[in-house]
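J.: Residue numbers (the working numbering), protein chains in the order written: chain R, 25 to 439; chain B, 25 to 439.
You may find that some hints are simply not true.
Identical chains blur together in the list; that is why a pair holds if it fits in one copy or across any two.
DSS-like cross-link-like pairs, simulated, lysine-lysine; straight-line CA separation at most 27 Å [claimed, not checked]:
id: 1; residue 1: K207; residue 2: K182
id: 2; residue 1: K69; residue 2: K172
id: 3; residue 1: K253; residue 2: K411
id: 4; residue 1: K269; residue 2: K69
id: 5; residue 1: K410; residue 2: K297
id: 6; residue 1: K229; residue 2: K133
id: 7; residue 1: K182; residue 2: K69
id: 8; residue 1: K230; residue 2: K269
id: 9; residue 1: K182; residue 2: K229
id: 10; residue 1: K69; residue 2: K229
id: 11; residue 1: K229; residue 2: K269
id: 12; residue 1: K253; residue 2: K125
id: 13; residue 1: K69; residue 2: K230
id: 14; residue 1: K154; residue 2: K269
id: 15; residue 1: K182; residue 2: K269
id: 16; residue 1: K207; residue 2: K297
id: 17; residue 1: K436; residue 2: K154
id: 18; residue 1: K369; residue 2: K207
No lab work stands behind these hints: they were computed from the structure.
Number of protein chains: 2
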Amino acid sequence: MICEIIAAGSEMLTPHRQDTNSLWLTGRLNDLGVSVAFKTITGDKLDHLTQAAQIALARTDIVIFSGGLGPTEDDLTREAVAAALGLGLERSAELIADLYKRFAARRMKMPENNIRQADVIAGAVVLENKTGSASGQWLDTVYNGHRKIIILLPGPPKELMLVFNEQCVPRLAAVLPPRHIAKRVLRMALIPESQVDERTAPIYKKFRDVETTILAHPGEIQLHFECAKPTLEEAQARVDLLAGKIEDEMGDAIFSSQNAPLEEVVLLLLGMKQQTLATAESCTGGMIAERLTSISGSSRSFLGGAVVYSNELKTEFAGVPEELIAQHGAVSKQVAAALADGIRKRTGASLGVSVTGIAGPSGGTEEKPVGLVYIGLSDGRQTEVKKLNLTGGRERIRFWASQHALEMLRLKLLV
Amino acid sequence: MICEIIAAGSEMLTPHRQDTNSLWLTGRLNDLGVSVAFKTITGDKLDHLTQAAQIALARTDIVIFSGGLGPTEDDLTREAVAAALGLGLERSAELIADLYKRFAARRMKMPENNIRQADVIAGAVVLENKTGSASGQWLDTVYNGHRKIIILLPGPPKELMLVFNEQCVPRLAAVLPPRHIAKRVLRMALIPESQVDERTAPIYKKFRDVETTILAHPGEIQLHFECAKPTLEEAQARVDLLAGKIEDEMGDAIFSSQNAPLEEVVLLLLGMKQQTLATAESCTGGMIAERLTSISGSSRSFLGGAVVYSNELKTEFAGVPEELIAQHGAVSKQVAAALADGIRKRTGASLGVSVTGIAGPSGGTEEKPVGLVYIGLSDGRQTEVKKLNLTGGRERIRFWASQHALEMLRLKLLV
């Protein structure tokens, strides 16, 4: 069964708004064994939308519309789909009563326009929308001799998700062959996509029943595995077997086999090893602290730290000797080491991590170019420093520096 | 002239990848006076792509394809468009030579597949791609008696942008009526969209020749104005007149009339008033420092600060008395004030800003629920504290807290 998703709304034909509903819908449809073959975005024009509906009905089995079910003149999905199918619209007495009730509950008079939201395509089932006034519709019908399932969903993402999950998934599952899906995600930091593919392709290609997708994110590669079988146990066993083989190959390069972000893994390891952490950040300006504290419960292992943007604060908060900065410069191996050890001592944490570098675009010199970053890591016995030469713009350099710092911490905590 | 954008690539029919090229292309096309009427996304299937091309040629004047110009078997845009038009493909000797040169420069042997990248639709002009091996194509032709412009662009965003800007914009401008566009963006923080619309609609609705769009971002509302006229001066005059009237109405609520982000405006005002700033952040965990330091040159006014996640660090880095924390709790008006004034004193900055609160999802009590946040701001003479009751998840609460802190700073610096 293949599907087309049609998003109706002129705002999605501007440079400002993206259709995001279709990404979420695609995930849910794939879980049911349905592939999305086309996505179309049209504006609020009856003829455009009607034609798009006809094209979709001719080329796919399931057609899902999002948006265009509101009360305004621009909301034309009901009319367009009815016209495409050559069916009429029937005003539902029940929906009219519901609409009046909604407005009465808010002590408002219902504008006359809103009554259009009670129009139902002949033969369609109404899909109740508990959180909005736009009901969805479900139609299982025959078009040019072929069975077609047509679904109209409200555009606001929360309403669309609720209506689809509660009322469309069970209906689709009833007409589709039974199917159970197992998924796993393995995540790796700072490793080139080509290297991951080179090492893992010989393994995952042998699992023809598991779909493997490699996704590259900034400073991170993810391996997504997905398998569909008649029972969940069979599917899970296949995915776990493949994930295990990949884990054997990639070893410690994998920071999470449970789809956790790097900052969460670092916090988990800190907790397991009963260690605490403090940060002293110059060019990342608080990004490492911000990433760690984005995880709920981070206060158990992360004490805090300092954003030592000025040289004075490097001395004030992390006890870096003024002479050391004068001698080697703020962006140097020596200052990175002093920052990491200084912040550890100052905060009483067992581990101190530091970043000093040149994020650009200005401030670079021939000797110390934009992208030069030092990461320091101190545990009280020894202080390691890693030198990086990062490329790209300011935001990329800052993010990669924070990623390197977290990965360096993780590898230390693994030992 | 209306346009359809067709993105080719099966990865955009998964839950993981979005077509983002079309947003950028829409902006550039709108500048030229071209509206986008449809967007279609198809997978790597020759028949699907050929049909999509025919449908687009029938319903629009300009059809732009992105992606599918690579060397692999899945790259079928050239073949599909040629088939849709009933034209042949001609292998360009010049492109073959270029491809061999590219590989030779990297001391690599060219795989046989790559020769397909030299195939050009009969009658098309080759659009040189300086940064990749996939050339674009431009075809100005007649289809079913109507003039059509067909553009094939490489999929990687940087390549697509360069080829379109350098080689398609001038060609399109030559065939379209002359048109000059002026734009302005006004930005406001922490103000409800409905309030902005209520106050500004009576003004902008009188400017029928200026297109006004209200965009809501987290903690921010933007008003976008756009006007097209035969000369740039006329267009600019209309946009500036409208922007001036809106500025009169909204006053200081507008933080930028030059499309600058809030953190940049705060840094600008700090510089103008010759003030320096330090931060002491608890629940935002470094987000304010991170936002400020994302702006190049921030070191001139922003000294740094502390991430005082633990109570001990509130005392250690900002001199908050232990008794004060014991008496009122870390999340309190008193501690926010002491943090702001303490970090100011400690760093020697002229202004200190602090955040302490409960970002959740855990840690809330009946007396101090999740979302309770105090922002402190000290200038040495006085310390203001603002109490917030924010809603939503951890990330939303943290971001809105940082937005409130920056806006509080801005308003203080305006006085």
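J.: Hint by hint, note whether the structure agrees.
T.: Results of checking the hints against the structure:
no., hint, verdict
1, K207 <-> K182, "within (24 Å within a copy, 33 Å between copies)"
2, K69 <-> K172, "both (24 Å within a copy, 22 Å between copies)"
3, K253 <-> K411, "neither (48 Å within a copy, 54 Å between copies)"
4, K269 <-> K69, "neither (53 Å within a copy, 32 Å between copies)"
5, K410 <-> K297, "within (23 Å within a copy, 39 Å between copies)"
6, K229 <-> K133, "between (62 Å within a copy, 26 Å between copies)"
7, K182 <-> K69, "within (25 Å within a copy, 33 Å between copies)"
8, K230 <-> K269, "within (11 Å within a copy, 67 Å between copies)"
9, K182 <-> K229, "neither (37 Å within a copy, 31 Å between copies)"
10, K69 <-> K229, "between (46 Å within a copy, 22 Å between copies)"
11, K229 <-> K269, "within (12 Å within a copy, 63 Å between copies)"
12, K253 <-> K125, "neither (45 Å within a copy, 49 Å between copies)"
13, K69 <-> K230, "between (49 Å within a copy, 24 Å between copies)"
14, K154 <-> K269, "neither (45 Å within a copy, 41 Å between copies)"
15, K182 <-> K269, "neither (38 Å within a copy, 36 Å between copies)"
16, K207 <-> K297, "neither (29 Å within a copy, 56 Å between copies)"
17, K436 <-> K154, "neither (49 Å within a copy, 43 Å between copies)"
18, K369 <-> K207, "neither (44 Å within a copy, 53 Å between copies)"
When the structure is compared with the earlier hints, violations turn up for hints 3, 4, 9, 12, 14, 15, 16, 17 and 18 and for no others.
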